[in-house]
Every structure is written in structure tokens, then in C-alpha cells.
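From first to last, the protein sequence lines stand for chains Y and C. 318 is the number that our numbering gives the last residue of the first sequence; the numbers go up by one with no jumps. 1655 is the number that our numbering gives the last residue of the second sequence; the numbers go up by one with no jumps.
These aren't lab readings, by the way, just hints derived from the structure by calculation. A virtual CB, placed ideally from N, CA and C, is assigned to each residue, including glycine. There could be a bad hint or two in this list.
[To be verified] To give an idea of the interface, some chain C residues facing chain Y are shown, with a C-beta separation under 8 Å as derived from the structure:
#, residue
1, Leu1393
2, Gln1404
3, Pro1445
4, Trp1581
5, Ala1619
6, Val1626
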Amino acid sequence: MSAALALGDDALVLSHRLGEWAGHAPVLEEEVALANIALDLLGQARMLLSFVGDEDELAFLREERSFRNLQLVEQPNGDFAHTIARQLYFSVYQHLLYERLAAGEGEFADLAAKAVKEVAYHRDHAEQWVLRLGDGTAESHERMQRGLDGLWRFTGELFEPVEGVDVDWQALRDGWLAAVTSVVERATLTPPSGPQSGAWAAGAGRQGLHTEPFGKMLAEMQHLHRSHPGASW
Amino acid sequence: MAAVTADQRTQGTAGTVDEAAAAALTAAFDAAVAADDRIEPRDWMPDAYRASLVRQMAQHAHSEIIGMQPEANWITRAPSLRRKAILMAKVQDEAGHGLYLYSAAETLGTSREEMLDKLHAGRQRYSSIFNYPTLTWADVGAIGWLVDGAAITNQVPLCRCSYGPYARAMVRICKEESFHQRQGYELLLALSRGTAAQHEMAQDAVNRWWWPSLMMFGPPDDASAHSAQSMAWKIKRHSNDELRRRFVDICVPQAQTLGLTLPDPDIRWNEELGQHDYGAIDWTEFQEVLKGNGPCNEQRLAQRRAAHEEGAWVRDAAAAYAEKHTARPGASGATAHPVEATA
Chain Y
86 MSAALALGDD ALVLSHRLGE WAGHAPVLEE EVALANIALD LLGQARMLLS
136 FVGDEDELAF LREERSFRNL QLVEQPNGDF AHTIARQLYF SVYQHLLYER
186 LAAGEGEFAD LAAKAVKEVA YHRDHAEQWV LRLGDGTAES HERMQRGLDG
236 LWRFTGELFE PVEGVDVDWQ ALRDGWLAAV TSVVERATLT PPSGPQSGAW
286 AAGAGRQGLH TEPFGKMLAE MQHLHRSHPG ASW
Chain C
1313 MAAVTADQRT QGTAGTVDEA AAAALTAAFD AAVAADDRIE PRDWMPDAYR
1363 ASLVRQMAQH AHSEIIGMQP EANWITRAPS LRRKAILMAK VQDEAGHGLY
1413 LYSAAETLGT SREEMLDKLH AGRQRYSSIF NYPTLTWADV GAIGWLVDGA
1463 AITNQVPLCR CSYGPYARAM VRICKEESFH QRQGYELLLA LSRGTAAQHE
1513 MAQDAVNRWW WPSLMMFGPP DDASAHSAQS MAWKIKRHSN DELRRRFVDI
1563 CVPQAQTLGL TLPDPDIRWN EELGQHDYGA IDWTEFQEVL KGNGPCNEQR
1613 LAQRRAAHEE GAWVRDAAAA YAEKHTARPG ASGATAHPVE ATA
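Build the full structure now, drawing on both the sequences and the hints.
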């Protein structure tokens, strides 16, 4: 139950952030790609939330403190490099996690088996862009490095065990670190070296503690639904 | 074989085309059009035909990408996850349509960059309909029902357009557009049959979008600058007024089923014509919006320019990366082109 909520909220919130790019992407191919990723994530979110209850009640009527998503996915888009850094960190995590879940026999095995194919594409998309931006121009290199550095402190939370998700979290962390480091180095960038979480904040999103931008995101997302109590759409 | 190819054109002395040869090329082109053959990119075609197609296809492509804005305005506020998924998929389709249309236009010797530059400089147009704002959620439905409905009425005949790449692009686009139209209709139906506030929202949206949708068919036939020549070339198959009337005929019964009214007291069945009559369109408003004085002209173009300018460093990086990695064959790394998603 809490696991479906955690994984579902990750997908829901990141999908929303990616949806904010519509009409603002740097090139038409990325309008298609970012919307595609957002749609995949929204599909995953709907399935996961449905394990818990009514998808719309969960998405639109919960207060901020009841969301269980990682703080990483709620971070504002920033520039394209910032979004790509967020995509790299999250898609590598989700890919490794879903691969393990798909291989297991738990309640998420079927969902993960389907989603892992989508997520493999998301990961590839992020990795290709990290390479292009890191090894592109001086400006793109600098922006990509800034994106990776800026979001690094939200990555520690990825490996806080989620109750009901039966994986080896330490192995997941090791695999993630190796994969991210490899891409970052191939992109001629420097792997961030700071702490992966604030001393007080480890696992905070999973416990319902979020960052300031998240409340505003929810205000926008929930406003219309909440303005018409009981209406169907 | 549709017409004379470009290679044949250059077979004259020193690559010039004398009068007799020019007449032969024109005759072959005219015959191909008359026989309903498709003109293909390598076929000879009159310069004015090429220019007219570039104008129309670029405008069409620009409309797809500018058209993303009024709908994207509601992605982050969609009131249910199902509606959010439908809307995101629709906006994504529009980006996809933009891609096909720019590619189809590129077969005429222009480039996407060139067309975008002209759009950003205000030298190529996009459909004026997107200069109206989406003020409520119901506008998403009204755009689907009316704007996409009008677009389909305009575009289905383009599937038989004389220029092959355009006609083929339109076949796929029309399939997706008709899906969008049904989704918009279904959205409005849910609102119309919902709470009083939802019904009112739907009616208000239809009131605001009806007349601009009728204007999408362009000026009346006697005032349309490009119509006659386009019809002769079979780029266009029906006149603006013919299509507009066809659209009204489609919408009247649909509005009844929706339980909504169309904001035109003069709509009535004309027994003699077997079609509906409708009230006078305010062409002053049309001209004003066309001139740039619509509610959102500046906003739409400013957002488009900003996205393009803010994205310049990304495109530069992709180009620089591609250059480095083709210069060093065998180097591992990203593929040369931005990854295109498979929907």
C-alpha cells in the first residue's frame, strides 16, 4: 500500500513536471520526447495509485504532507540541463528498481515488467542528452555540470528503503552510482562529490516532508478539481 | 509517373530552358494535375506552385506548434488523470504533426530553420484561431470539437491534394485529428451533462469559440486571395464558403446532442439548398486578428520565440557533439540526432 503510493507519487509528480515543458522545449523532437516520457509516467502513476484507491481522489484531494514522492522529482524544471540531470538520476534509479521488481514475484512484478521497457527508453534519452550537453559546447558543459551538482543532494533519498519494496537497496545504490558515474565521465563531466542528502532530510519526501516548490505545484494541479467538489469530468 | 523530373529540366543547353521546353514542362505538369496524378518532389513544377505550397504547408506546420500553446495552458490543471493523459497525448500529437509537416515542406527546398525564422520574424503565418485564449477547462473541449472539427473539414480534402508529400502527411494527420475531435466532443458532453457550473462553463466556451471557428475557413470566396489558383492546381478542392457551410451542417445536430446552443440566432435549415443558413460573420474581427491585434498574437509569438532562443544553446550543443563524434569515427557516445520518441 505505502509502496504503491511512493512509486505512484514519484511517477505522478515527475510526469506533471515534464508536462510543464509542453510548448517550451528547445527543439520540436524534444516536445515529442518529453511528452512521451510524461505520458508513460502518468500511465504508471494511474496503475500504481489504483492499487491504493481512487486515482483522482489520491492525486487531487491529498494535502502536500500526504504525498510520498521523492523530493528529487518535485524539483522545478530549471533549464533543459537541469531537467536532464533530474531525468538521469531518476530514470537510472527507476530502471534498476523496476528491473529488480520485474525479476521478482512481488505485487509489482507485472507492472514493473511492462514499465521497465518504457523506463529503459527514458534512461537512454537522459544518457544521450547528458553526453551531448556535457561534451557539446562550453556553455552546455557548464550548464550540465550545474544541473548535476544542483540536484545531487536529492539523490541520497533514492535509496531509503521503501516498506513493501523487496529489493537489495545497497546493491541498488551501488549499481546506480556506477551507472551515473560512467555516463557523467563519458560526458567529460565531473561526478558530484557533495553529500547526497541534507543531514535532516534523508528520506524526507517518502515521509511526507517536501520542498517549497511542491506546494505551489499541487496548488496548480489540484485547483480545478477541488473547485468543483463531487463533479465528474 | 506524374510529371517531368527536375533532371529532365536541366537537359537543355547549358542548363537553361528555352521557351518550347518550358511550354512542354508546363503542359506536362498541367496534364499531371488534370489527370489527378501526384506531383512528387523531384518532378518539375511551376515556381508559383512551389511557393504557394511552401506558404500553405509552412503555415500549417506553424499552426500545429503554436496550437500547442493554448492547450498546454491546461495540462497542469487538467481535472482528472484520465483527462490529463488525453490532453498530453493530444499536445504531443500536435508536435508530431509539426514534424511531419516541416519534413513534407522541406521536400520543396526550404528548411525547418528557415521556416521557423520566418515565423519568428512574422513573415509566415499560423492559423489565427490560436490567437484566442483558453480561459477555462471547457475551452479544451471546445477546441477539440470546433477547432479540430473545422480543421478536419478543411484538411480531409487535402489528403487528395496534388502534391504527394503533403497529401500523404495529411492522411495520418486527419486520422489523429478526428480522434481529437471526438475527445473534445466527449469532454464537452461530460461537462454539459455535469453540474450546473460545468454546463455553464461548456456553453460559455462554445459561445466564445463558435465564430472564430467559422473564420478558420478563411475569407468569403469573393475575397480570398489565393483560392482560385489553389483550386486550379488541386492543392485546394473546395471553396472556403463551401467548406464553412459543410461545417455548420455537421455542428448543428452535434450541438443539439450536446445540449448546448450555438451563439447564432440566424442558424436555420434552408429547405431549398438542403443546408443550413447562418448569420453574418464579423470579418472586421477576422482582419484585426490577422493583422496582429487578436487577444494573444503577441503572447503566442513571444512564447515561441522565447522557447527557440532559450533552446539555442541546446541545439548548438547537439550540433557540436555530432560534429565531434563524426570527426572521430568509432568514438562511442550519443547518436548524432536528437532522440525522437516513439509514441
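Outcome of the hint check:
1. Leu1393: With Cβ-Cβ at 5 Å, under 8 Å, it holds.
2. Gln1404: holds (4 Å)
3. Pro1445: violated (14 Å)
4. Trp1581: violated (34 Å)
5. Ala1619: Status holds, d = 5 Å.
6. Val1626: Interface hint status for valine 1626(C): holds (4 Å vs cutoff 8 Å).
When each numbered hint is compared with the structure, violations occur for hints 3 and 4.
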